[in-house]
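The listed protein sequences correspond, in order, to chains A and B. Letter by letter, the first sequence follows residues 0 to 605 in numbering that gives the first Met the number 0. Letter by letter, the second sequence follows residues 0 to 373 in numbering that gives the first Met the number 0.
Since the hints were made in silico from the structure, they are not lab data. Hints are supplied without guarantee of correctness; some may be wrong.
Unchecked claim - Label pairs and their calculated CB-CB ranges:
hint	chain 1	residue 1	chain 2	residue 2	range
1	A	275	B	162	24 to 32 Å
2	B	341	A	275	46 to 54 Å
3	B	11	A	214	55 to 63 Å
4	A	580	B	133	23 to 31 Å
Stated by the list, open to error - Just so you have them, the derived chain B footprint on chain A, three or more residues with Cβ under 8 Å:
hint	segment
5	351 to 364
6	425 to 435
7	530 to 541
8	573 to 585
What the hints assert, rightly or not - Here are the computed lysine-lysine pairs in the DSS-like style, where the Cα-Cα straight-line distance is at most 25 Å:
hint	chain 1	residue 1	chain 2	residue 2
9	B	120	A	535
10	A	378	B	116
11	A	535	B	117
12	B	129	B	41
13	A	378	B	120
14	A	267	B	48
15	A	378	B	190
16	B	190	B	129
17	A	38	A	534
18	A	535	A	26
Yeah, the Cβ is synthetic: ideal placement off N, Cα and C, and Gly gets one too.
Here's the letter readout for the chains.
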Amino acid sequence: MSAVGHTPIDHAHDDHGHHHKETFITKYIFSTDHKMIAKQYLITGLLMGIIGIMMSVLFRMQLAWPGESFWIFEALLGKWAPGGVMSQEIYLALVTIHGTIMVFFVLTAGLSGTFSNLLIPLQIGARDMASGFLNMISYHLFALSSVIMVSSLFVEAGPASAGWTIYPPLSALPQAIGGSGMGMTLWLVSMAIFIASSLMGSLNYIVTTINLRTAGMSMTRLPLTIWAFFVTAIIGVVSFPVLLSAALMLIMDRSFGTSFFLSDIYLKGEVLANQGGSPVLFEHLFWFLGHPEVYIVILPAMGIVSEILATNSRKPIFGYRAMVASILAIAFLSTIVWGHHMFVSGMNPFLGSVFTFTTLLIAIPSAVKAFNWITTLWKGNLQMNPAMLFSIAFVSTFITGGLTGIILGDSTLDINVHDTYFVVAHFHLVMGISALYGLLAGVYHWFPKMFGRMMNKNLGYIHFWVTSIGAYGIFFPMHFIGMAGLPRRYYTNTSFPYFDDLMDLNVFMTVFAIITAAIQLVFLYNFFASIFYGKKATQNPWNSNTLEWTTPVEHIHGNWPGAIPHVYRWSYDYSKTNENGEYVIPGQDFVPQHIPLQKGEEELNH
Amino acid sequence: MTPFLIIIVIALFAITIWQLSKIYELSKDTGSIDSTQVANDKDNQTQGKLMLAFGIAFYIFMLYCFWVFSDRALPAASSEHGIEYDSLLLISLAVIMFVQIITQGLLHYFSYQYRGKKGQKALFFADNDKLEFIWTIIPVIVLAGLIIYGLFTWSSIMNIDEDGDAIVIELYAKQFGWEARYAGDDNTLGKANVRFIEGVNSVGVDQSDPYAQDDVITSELHLPVDRPVIFKFRSQDVLHSAYFPHFRAQMNVVPGMITQFSFTPTVTSEEIRETEYMRDKIEKIKQIRLDRSTAGEEDMADYEQFEYYLLCNKICGVAHYNMQMKIVVETEDEYNSWIAEQQRFGELMQDAPEMQDPEAVEAESGNEMAQAQN
């Protein structure tokens, strides 16, 4: 196992070449080192993010100026935008692939993949993941699935276009929509590989967290990041296989004539032979993953934000035990609420009542978390680093987006806002924007650990403020077009006059979307330029307590040059004082986890 | 119009960049050593104040949105259960906005108030069971109230009384349109299945079923006011969703399955056109369309008068956005005379040339006939 297989002393040099012959390929491509794999995940995730966000800009332009001709449509969409006017087919394909890429490839793999890989070994005090090889395979399967998903954009009949939820029969029948031909096949193959990748990653995270914690690192001393990644991995292992089974059944319906999801269908003048299947079954299977999936997306962001808020507030996270308990409660509840996506699917109304009950229960741990974050800021000494700003904004968007969940989770109220833009506004704020903020906060915070250099803070501030204003500019007004009863996934809302008064709002949102997307270029520039030209980082730039900041700036195999540090305390001893009001370590407002209890220090049980 | 908007976008963007470069310059010019890229006191000052400014701006923006955009929201419900729906929505919105105002205020205020200063000591405050208990129990109580209210409303909406004087109407969805089938004088729908689709029998009604003879198939939905309607939904191809925004009603339409929803319309089309809300709205839309026509970009048909409509609200293919049906709510008398004018299914089939032998259809569908319901 790579976790114990190296004599770390040998690698304490800056020069890596002495003992292993590391070629470009073994170092940068087929690496089994968790830190390199984390970077691979991050960069692949960012590339997919660029594609996904570009797509959203394109369809937002169509929504604001329906049927207008734009040269950029013609340049990027080719035959799908004859004369520069976006076609109906490609509009649906864009929303479908945007959703798929952002949810799975950016916010699942890009977020959880990056930070679980980077932080689990570093923060628990392990040399590497439990299985470096499995970890490598996991990344390469993810890369393969990304390539397949992107390649599906180029097939003749167009990419999958049945919505990211790919409900059959639309997704099963190429006669119903062009994208359900080869494009859908590639979508399903890509997702099957993605699921395999995700499972390998998750199993690795679970085993590593359970088995490889350093001496003294009890579960109650784990940083909240690790708790979040650990529980996320468990949810992934529980729910992703269900999506795989749904995908397999859909593949069989599509290619081998089975009828799991199809029944009584008349299309293009022909009655299909399929009999006895139910699309509602697919919805159940899909959302059994689909709902936990949103927590797979948001929990790592919550963990990251908790850590960054505490560090930059120079205060312990408020209510550590409550935070852990609420992560566990959210994880448990997340697997029994999927039906709230299906209140009007035709399932038994009694089930609707049950799912309303469980869904609104989830608001309780979420509320506790939000209050605890706010209290963490109270009477702090807030260090306004870009990561901190994104973490504060995370709390803000999580609350704004989460509150509307009270409307959507109520089966009665869902009737009239179901599948309208109200839903789009809700989930973009609560899991899309919030999780992206978590990702960005994490990048700004751990960039020094990943690349040994600092990102430019002023560019970070610009990036933050424009993004923060832009995100609300897009998604807050969107609630109102949802309340006006405008359904989502409409190519245009001008085919009848009733919604004409929403056009100014659509333009408003699109302008913000374009600005917000454009400002991400500042981030990308900052990110890539800082990798090469950033200011050299010190070992512990944020004066943080967690173990990753005890490793040298230069990456080495096995993380610590000497013995793995022992842990003597939890990770939140910020601004801890003795009886006399003096810091525990005089002149220093933080006590890292590997520092033994000081003389006269009182140990608190958290 | 469009070039104008694009220019606005570009101009706004340019202004943003310009403003940002100013911020950049300003924040650069802090006089402190910019070697570490870690926030210093100056940054904490600036960013803390910006956080407060953002919090205030966000309040104003929310108020502005409610002030300006709320007239776009749907008018008061035109159905019996819709009244209850609206009041539940109002209560939930009030609760949400109350919490939103408080939490966002605290968040942004704390970000400003406790911005870092050299020498400032943070309070080591790790736990307080009392506080945590309070903010666990408050959501529990509030949510319990909302859940109970919601569930009572839900079960009264979903509890369909089949024995009363409700009219039974089948709504039939296909790519990309709707058809309605009234159950006729016997108020019982004839059996139907996609396997019966043939020529003019476009919704696949079983011709041999005596209940089917008086069914009426229409392309417009007429409903008598103040009388419960039970909708039975059937799809011939993919998932659709029957969305009646003004009646606070929605149900997915699932191939291979019959779903149902029931409501009682309470406001006729005539009446809603006379409401102040609808007059203003239609005036506004007419003006928008007139402006666009005179701008010469497109010739927009006049928006004559408001009609209720039924929309498809589940992605169903390329023309999903244009799958709609007009709904007319009228008095019982008007409804009765309208329905009397419509052709019965039996007559329709007699008029149709070259009817196929019903026996053959039956043989073709074989055992699967059991699937055909109603």
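Going through the hints against the structure:
{"no.": "1", "hint": "A:275 with B:162: 24 to 32 Å", "result": "31 Å, holds"}
{"no.": "2", "hint": "B:341 with A:275: 46 to 54 Å", "result": "35 Å, violated"}
{"no.": "3", "hint": "B:11 with A:214: 55 to 63 Å", "result": "57 Å, holds"}
{"no.": "4", "hint": "A:580 with B:133: 23 to 31 Å", "result": "29 Å, holds"}
{"no.": "5", "hint": "351 to 364", "result": "holds (count 8)"}
{"no.": "6", "hint": "425 to 435", "result": "violated (count 0)"}
{"no.": "7", "hint": "530 to 541", "result": "holds (count 5)"}
{"no.": "8", "hint": "573 to 585", "result": "holds (count 4)"}
{"no.": "9", "hint": "B:120 with A:535", "result": "29 Å, violated"}
{"no.": "10", "hint": "A:378 with B:116", "result": "12 Å, holds"}
{"no.": "11", "hint": "A:535 with B:117", "result": "24 Å, holds"}
{"no.": "12", "hint": "B:129 with B:41", "result": "37 Å, violated"}
{"no.": "13", "hint": "A:378 with B:120", "result": "9 Å, holds"}
{"no.": "14", "hint": "A:267 with B:48", "result": "63 Å, violated"}
{"no.": "15", "hint": "A:378 with B:190", "result": "71 Å, violated"}
{"no.": "16", "hint": "B:190 with B:129", "result": "63 Å, violated"}
{"no.": "17", "hint": "A:38 with A:534", "result": "19 Å, holds"}
{"no.": "18", "hint": "A:535 with A:26", "result": "22 Å, holds"}
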